[in-house]
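Model the placement of chain H on the given structure of chain R, informed by the hints.
Line by line, the protein sequences give chains R and H. The opening position of the first sequence corresponds to residue 16 in my numbering, with each subsequent residue numbered one higher. The opening position of the second sequence corresponds to residue 13 in my numbering, with each subsequent residue numbered one higher.
No lab work stands behind these hints: they were computed from the structure. All clues given are correct.
A partial selection of chain H residues facing chain R, derived with a Cβ cut-off under 7 Å: (1) K54; (2) E62; (3) V71; (4) E73; (5) F264; (6) N267.
All figures in this text were calculated on a predicted structure; none of them were measured in a lab. Beta carbons: idealized from backbone N, C-alpha and C, even for Gly.
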Amino acid sequence: MSLLSESHMKPLTRNIGLKRRYRAEKRFRAYGLIAICTGIFFLGALLWSIFSHGYSAFWQTSITLPVRLDAAVIDPQNRRDKNPQVLITANYPILIRNALSEKLSIAPDDHVGLRQVNRMFSSGVRVQLRKMVFDNPQLIGTTQTVTVLAAADIDSAVKGQINLAVPETKRKVSDRQVEWIHELAADGSLYKAFNTGLFTFAASSRPETSGLGAALIGSIYMILIVLALSLPIGVAAAIYLEEYARKNRFTDLIEININNLAAVPSIVFGLLGLAIFINFFGLPRSASLVGGLVLALMTLPTIIITTRSALRAVPSSIRSAALGLGASKIQMLFQHVLPLAAPGILTGTIISLARALGETAPLLLIGMVAFVANYPRTPMDPATALPVQIYMWASEAERAFVERTSGAIIVLLMFLAVMNIAAVLLRRRFEQP
Amino acid sequence: MSRMTCPVGVYLLGAVFIIPGAVFARDHIQIGGSSTVLPYAKIVAETFGEIYPEYKIPVIESGGTGSGIREFCRGVGDNTIDIANASRPMKQSELQLCFDSGVKNVEEIRIGYDGIVFATSIGSPDWNLTPQDIYRALAIKVIIDGKVQPNWVRKWNEVNPSLPAWDIAAYIPGEKHGTREVFEEKLMLNGCKASGAFDALKVSGMGDKAASAACIAIRKDGKAIDIDGDYSETLARLAANRTGIGIFGFAFYENNTDLLKIAAVNNVVPTEETIVNGKYMISRPLFFYVKKAHFGIIPGLEEYIDFFLSDQMIGPDGPLVEYGLVATSEAEREAQRAAFKEGKTMTLP
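So that you can see chain R by itself, here it is in the shape it has in the complex:
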């Protein structure tokens, strides 16, 4: 009786800790969510700080005004037919100064005022006007509408980056210049335009005429060299190791070394590049060829490792079937294994290329962390790279370089995003049967 009543009171359930296990799962999901949120928060903070500082770099203050290309200034003795050198050494900035001071109605004997007018526009006008006049000497004596870049300090003031609340002597822009800015902006001759110079100019000591041109070309050269060298060598090495090499102590040693090399700090490759390519082979310093070679060495281990794992992921039944139907080993490899492994190989390659695009440390020792103001024509010419330009700008003293640093980071991020999206797209395409 007592037995019966007991079984009656306790229903037939086993305590399998269901509640506890549900709780554990909920907790685990919450941890995951927190981890992702933290990641997103920091990414958001990073992007916000870069974009809020950098978006203004894509706009640049310019001044458009009619400029009289006065023969009395450019070529006072009228010797340009005999001696074209005159057109090179002429004092072009004074033409702009005259035009601007006329517009602002500043007396020719107001020397303080004229000096301040001189600081309103970029001294890069020398090259700009010289090119204009040199290409077309008929322009001398005529009045042309010319658009010149505002000086960096004026640009910063227009963008509100200079603290105008401090006393006049404490800042680089005078009260009079601020007045002129308002005056010129009111009639539309001073305005902000898209900063194409950021992409076309090479490095410069003047913020307003400095851009990423030489760095972009250098980076593209290097990426092409890395692709041309490390993809074939890396894939060939991986195929050999995975499909042909016997497993013995020697191949184990190679494998360990490759894995080690993939983790070596990148500056070590720079040291190697200096010792081998520059000191031993006598290649020029600062050349994107050397940079490309160094970065190729750096990416090689990663490409070998990803290619090997992509090859390993191809089921061995495919190999057996191909061989069983009478394919030779090379037919089996190129017609069956490689196509299946291609998405993995491509992803690995593009990701290591993206890493190579963002490296500065190995470039330091081979002289690519440098001021390069001429465009590199060939990979043998001196060049810099995008991340190097960011690093160089970050250490500049002028205010206008602060926004340019962040602007250059945005450009680099765009490049990386394009490469990574390409990796995803290519992978999808290849994975379709």
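Coordinates of chain H only, in the frame set by chain R:
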């Protein structure tokens, strides 16, 4: 198959390396060295390229005085640099290195001075520091009541009542900076001697060398912060901590006068005038070194130096002074130009 691919690959690699070495001669000036001199060299290089369109604009690497001189002294030839910028004079050992690798004709050229200044955020009260204040605030061991003891000072006004009651937070250049050496020598060591700690340390049984080393040791409790980046990092730190004090180059200050307030040292406010006449005590000369063996081989090398030394560049109205260089006196500039014309090279003693 594998037997065939291997040799083909070797040939391809060989072709990549061997062809260029022989064919390419350098047609631009290659410069390396100090990042303090870099902005000035950049201005000169760019203007040089604009005025002499027949020459390419020199390439200027940035890596620091030490590594620049090492690269400079690696030898003579196309793939070595022509000029090393330096924010301190070349050391005897470095010149020896140069001579050992065949770089025998080295010419030293002094371009001007760089002041080293203390600055706080704009809007803060006036500061007037002495080396003794700096030593007593930042050294790891100081002399208090005649005894050498660990530095426990927390606020600036505990060091000197005329200073503000700010928590000590000094952003000083890290040890790899050339500025650090000047800071240690001209401020810490002098302050140590002035406060009597140097003698006290010697009384306690230290030699001259050990006492100097103890004098320049910086406190490690987070009140003196090493900045291993550049001045823009120091500026960012000051923006975050309004009661911090930072060390800057005079040129950097000149470009950021709307954000920084400069401090006097020994009652002297650093200006171009006080730096060049030596009244302001913390400054250093800037140099570059040139390999004379490259004259006539690298196009434009001599013209570049002539142009650099001309008054339109390093003169008092030139763009370098505009950027923040402290120009040398008229006579000194003239002497430097004459020395270059004469072609005096450095010799080992």
